[in-house]
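Trainee: Sequence:
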Amino acid sequence: MASANAQLVDECKRQAESCLYTSTSMFIWLRWLRWFRIAFVIFNAVCGGVAGWSILKASTDPDFRFIGALFALLAGVLPAIYSALKADDGLAKCAMLAGEFKNLQDRFRQAALIGAKKPFPEFEKSFQRLMDRMERARAGSYTTPEWCFRSAQKKIGSTDYKFEVDTEPDLPTKRG
Numbered sequence: 001m002a003s004a005n006a007q008l009v010d011e012c013k014r015q016a017e018s019c020l021y022t023s024t025s026m027f028i029w030l031r032w033l034r035w036f037r038i039a040f041v042i043f044n045a046v047c048g049g050v051a052g053w054s055i056l057k058a059s060t061d062p063d064f065r066f067i068g069a070l071f072a073l074l075a076g077v078l079p080a081i082y083s084a085l086k087a088d089d090g091l092a093k094c095a096m097l098a099g100e101f102k103n104l105q106d107r108f109r110q111a112a113l114i115g116a117k118k119p120f121p122e123f124e125k126s127f128q129r130l131m132d133r134m135e136r137a138r139a140g141s142y143t144t145p146e147w148c149f150r151s152a153q154k155k156i157g158s159t160d161y162k163f164e165v166d167t168e169p170d171l172p173t174k175r176g
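Counting along the sequence shown from 1, when you hit position 147 you're at 147 in our numbering, and nothing is skipped either side.
Think of the hints as simulated: they come from the structure by calculation, not from any bench.
Everything numeric in this text was worked out from a predicted model, so none of it was measured.
Take these hints with a grain of salt, some might be off.
Claimed, not checked - Pairs of lysine-lysine residues, derived as DSBU-like cross-links and limited to a Cα-Cα distance of at most 35 Å, are as follows: (1) LYS102 with LYS86; (2) LYS154 with LYS86; (3) LYS117 with LYS154.
To be verified - Simulated restraints on C-beta separations: (4) ILE156 with GLN110: 25 to 33 Å; (5) ALA4 with GLU135: 17 to 25 Å; (6) ASP63 with GLY140: 46 to 54 Å; (7) ILE67 with GLN153: 39 to 47 Å; (8) ASN103 with ASP160: 12 to 20 Å; (9) GLY157 with ALA87: 27 to 35 Å; (10) VAL41 with LYS162: 18 to 26 Å.
From the three backbone atoms N, C-alpha and C, an ideal C-beta is built for every residue, glycine too.
Please build the complete structure, drawing on both the sequences and the hints.
Mentor: Shown next as structure tokens:
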């Protein structure tokens with residue numbers, strides 16, 4: 001049976017991997033939320049511009065007047081919808097949690113590599129502090145869409161998250 005130290009190292013590695021997938025998924029979702037916000041603002045500005053277009057306002061054609069009225073309605077209603085969705089709050093929360101899970105990923109990896117060399121009680125105590133942080137990060141149950149997780153799996157499976165230092169053979173050091 002593996003020692004308690006080895007088991008805790010394995011758990012640190014599991015938690016680091018979990019944080020990798022969670023943070024990557026959140027960064028993908030965050031990118032989409034930022035584009036959504038930009039598109040929403042631009043579309044609302046375009047609606048306001050079209051609604052105020054003098055050709056539509058001065059036209060006697062009922063179709064043109066309807067188009068102008070429709071865009072005026074959209075320009076007035078869209079900000080209220082955006083506000084009701086609390087899209088900016090979700091964006092801020094996603095940004096904060098993506099960073100927190102990325103930081104936790106690094107901390108768990110460091111705990112597995114470096115913290116494991118400390119006496120077990122000290123290692124276990126530092127692990128527990130990290131788990132307390134993890135529980136606080138998970139407390140809000142913020143979830144991303146499933147497609148973000150699938151995209152994260154693909155991204156992580158690519159070479160985007162591979163470090164050269166982890167694949168290089170140990171090079172001999174020069175001694176002076």
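Trainee: Any of the earlier hints contradicted here, and which numbers?
Mentor: Those not satisfied are hints 4 and 10.
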